[in-house]
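Visitor: Generate coordinates for the entire structure from the input sequences, incorporating the hints supplied.
One gets my numbering by counting positions in the sequence shown from 1 and adding 604 to each.
Everything labelled a hint here was simulated from the structure, so no lab data went into it.
Quick caveat: nothing in here was measured; it's all calculated off a predicted structure.
What you were told as hints is all true, and nothing was included just to trick you.
Here are the simulated DSBU-like pairs of lysine-lysine, each with C-alpha atoms no more than 30 Å apart in a straight line: (1) Lys661 - Lys1061; (2) Lys687 - Lys718; (3) Lys808 - Lys833.
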Amino acid sequence: MRRITHPMNLGDHQNNLVSNREINLNAFYPLGPYTFSICDTSNFSDYIRGGIVSQVKIAKKISFKSLLNSLAEPDFVITDFAKYSRSAQLHVGFQALHQFCAQHGRSPRPHSEKDAAELVTLAEAVKAQAPPAVQQDSLDEDLIRKLAYVAAGDLAPMNAFIGGLAAQEVMKACSGKFMPVMQWLYFDALECLPEDQEALSEDKCLPCQNRYDGQVAVFGSSLQEKLGKQRYFLVGAGAIGCELLKNFAMIGLGCGDGGSITVTDMDIIEKSNLNRQFLFRPWDVTKSKSDTAAAAVSQINPHIRVISHQNRVGPETEHVYDDDFFQNLDGVANALDNVDARMYMDRRCVYYRKPLLESGTLGTKGNVQVVIPFLTESYSSSQDPPEKSIPICTLKNFPNAIEHTLQVISCGGRKRWNRQASRQCQALLIPVMQTSVYIRCALPLTGSGAPFWSGPKRCPHPLIFDVNNPLHLDYVIAAANLFAQTYGMMGSQDRSAVTKLIQSMQVPEFTLKSGVRSQVSDQELQTSSSVDDNRLQELKAMLPTPESLSGFKMYPINFEKVLGRVVPSAG
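Guide: In C-alpha cells form, the structure reads like this:
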C-alpha cells in the first residue's frame, strides 16, 4: 500500500475480495504502517489480480472490576505520558479527599495550610494500606497539597472537558460501539496554577458570594478582576466560536468594568450548523452568526459585553480593525475555518504583539495553540501538511469512495437542473461510466503494462434507470422539484403521476462516441482540454437576447450539507 497507512492491528479480522471472490480471513499480520500479510493461501485458487481488504469489527465482551476491587487494584488510562505516575498519586489523593469530606462535611478550604496538612496525613494512611501496584512511588506531598488547595474550586473549562468525556462514555454504553475507558481516568492541569505558590493565600481565595466563587477558590480574586477587564477579539462564531464564547461568559471574561469581547463572522446560520454550534436554534436559521451568538451568551451571563460584527478579516477591513482597535486589545482568539485567514490574523498579532489563542477541528480531532509574544513561536512559524484533494479525473471518471460522490453532487449538482429528470438520472451517470467501461475494459492495462483496474479503481457497472426502483424514482422527483423551484413553479410529490409521465418518455440508447478518450490523471485531463473558439461563438449565438426574456425570473437554489448528506435548501 502506498501513501495511505492501513488502520488494522495484529489479530484483526477481515473480509478479502481477491480475484472477485470473497474470502473470510481470521488472521492479520502487520509488517509496517503500509504493508501487511494474510493467512496461508496455498489451498486457495490461483491468484489473478488485485484485492480489497475490509476490516470486520469483532464484538468483544467487556467486564469491569467492582468498585472495591478496582480501588485496591486500579487500571489507569494515561492521558499525559509526561505525568506517567500522576494517576497513581491522584488515586490515593482522591480517596483521602473523600475521607476528609466524610469527616468534616465539606471540602478543604481553598489554600488552607491546616486542611492541606490534614489531607496529606490522610493520604499517607491510604497509601500505607494500598496494594503494591499503588505503592510503587513515594507520596508526592506537594501534589496532595495542591489537591487540597483547589478541591473546593469549580472551573467551567474543566467541567466542559470532563462533561464531554462523560457524555462520550454514555454514548459508548448505549450504543455498544467503541472501547470504553478501563477503568480509572485522572486528568489534571496543575500547570495552570501560579508557579509562585505564595502568590495565593487563604485570604485571597475567600468566596465573594457571586457566580465566580468556584474560580476564585482556585486562582484568587485578583485574577478574576483581571479577567473581567479583558478586551478580546474573537474571529469566527462557528463551532469553536460558540464554545469559546460560552467559556468566556462562564469565566467572566469581558464581564467587568472596561471589559468587552468583539466577535466578527460574516456567515449566516444554516440548518447544517445546528448539530454542533450549540448557541443556535432552528428559529435562528438565516440569521447572522455573530449577532445570534452574542445574544445567546448574554443569557448565560448578563454582565458580558459582546460587540458583534459581520466583517471578514483581511486587508479590505483594516480600516475597521486598525491600529487603534488592536492597540486597545488584550488578546485575540481565532475560531476560523481556513488557513489563509489564520495566517493573516497571526501576522496582525505578531505586528501588534498581541497574544493569540489558535484552535481548529477536523472530524473528531482538535488542536489548540497558545501564541505569546516573545515567548512562543507564532502560528505561521510552522506549516501544516497540505490537505488531501481529490483529483478531478477521479471525480469525473473513476469515483470509488463515498466522499467522491458527495463532491460530485456538491460541485456539479447546481449545474445540471436543465434536463428532464429521468433523462438526467440516466444521462448524467450512464455515458461517463459506459465510456470508461468500453475504453478501459477493452484496454485493461496501463502504459507500463500494469492492470488498470487495480488499487481503489474498480470497473464500474452502470445501472439502467428503472421506474419501479424507489431510489431511482426518488431521484427523479427530487430533481424535478428542484427544477420547478428554480422557475418559481409549484412542485409535485405525486409518485403515480410522475411514474406515468416517465413511462411515456423515450430515452435514447447509449452509443460510444468516436475519438473519446478517458483521462486517468489531471495532467491528461488538462492536456486534452482545449477551447474551440468557433464552437464558443456558435453557442453564444444560440443564446436568446435579453429583450426576449423580459419578465423572466429564475430563483437560485443553494446547497448545504446536513449530517453527511448534500441536500438542497431554498436560497
